[in-house]
Amino acid sequence: MRKKIISYTTQLLLILFLSSSCIYLAKEISRTAKETELTEPIATKDFVFRSVLDKKNPGTLSIKGNDNEVINVYLLEGTLYKTIAVKKGEMKKVRLPSGYYEISRAGGPSYWMIVCPEGKTILE
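Numbered according to our numbering, the sequence shown spans residues 1 to 124.
Mixed in with the good hints, there may be bad ones.
Just the calculated beta-carbon pair ranges, DEER-fashion [what the hints assert, rightly or not]: (1) N68 to Y100: 52 to 62 Å; (2) L76 to S20: 17 to 27 Å; (3) C116 to E69: 45 to 55 Å; (4) I6 to S30: 34 to 44 Å; (5) N68 to Y111: 38 to 48 Å.
Here are the simulated DSS-like pairs of lysine-lysine, each with C-alpha atoms no more than 27 Å apart in a straight line [what the hints assert, rightly or not]: (6) K56 to K93; (7) K3 to K27; (8) K4 to K56; (9) K27 to K64; (10) K64 to K82; (11) K56 to K88.
By construction, these hints were calculated from the structure, which means they are not laboratory data.
The structure displayed is predicted, hence computed values, not measured ones.
Note that CB positions come from ideal geometry on N, CA and C, so glycine has one too.
Construct the complete structure from the given sequences, taking the supplied hints into account.
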């Protein structure tokens, strides 16, 4: 009986020691991972945004003209995609690939617009 108690206590102590060492190692590993994440630089290169255009599902951009104006459609990178001439009172419909665009009126404000796939976007 005495031998069983001694063997059970040694087994219990061994299990406690191994489980505490595993917990310590897991905490140490997670702490070192957080330290390396914080010490590394966030961005080493400049971020570059590129337009993602869905040409298979184009949308329709409807533009209402005010004073025989020219409307420029720019991509996300800032490059000119299309120039549209609209007469006064005319509603011009242009099919564009779905995506983000910056649309500016000549001499006026510019707008960020999303042309939805299979949808209709109106600029008045």
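Here is how each hint holds up against the structure:
1. Between N68 and Y100 the beta carbons are some 27 Å apart, a value that contradicts the proposed interval 52 to 62 Å.
2. Between L76 and S20 the Cβ separation comes to about 54 Å, which falls outside the hinted range of 17 to 27 Å.
3. At roughly 24 Å, the beta-carbon separation of C116 and E69 lies outside the given 45 to 55 Å, and the hint is violated.
4. The hinted range of 34 to 44 Å is satisfied by I6 and S30, whose Cβ atoms lie roughly 37 Å apart.
5. Our hint of 38 to 48 Å for N68 and Y111 is violated, since their Cβ atoms are close to 20 Å apart.
6. Annotation: proposed proximity of K56 to K93 holds, straight-line Cα distance about 18 Å (limit 27 Å).
7. Note on K3 and K27: the hinted pairing is violated, with a Cα-Cα distance of about 36 Å set against a maximum of 27 Å.
8. Pair hint K4 plus K56 does not hold up; C-alpha atoms about 76 Å apart against a cutoff of 27 Å.
9. With a CA separation close to 63 Å, the supplied pair K27 and K64 exceeds the 27 Å bound.
10. For the hint linking K64 to K82, the alpha-carbon distance of about 16 Å falls within 27 Å, and the restraint holds.
11. For the hint pairing K56 with K88, the CA-to-CA distance comes to about 32 Å; that exceeds 27 Å, so the pair is violated.
Violated hints, in rising order: 1, 2, 3, 5, 7, 8, 9, 11; the structure is consistent with all others.
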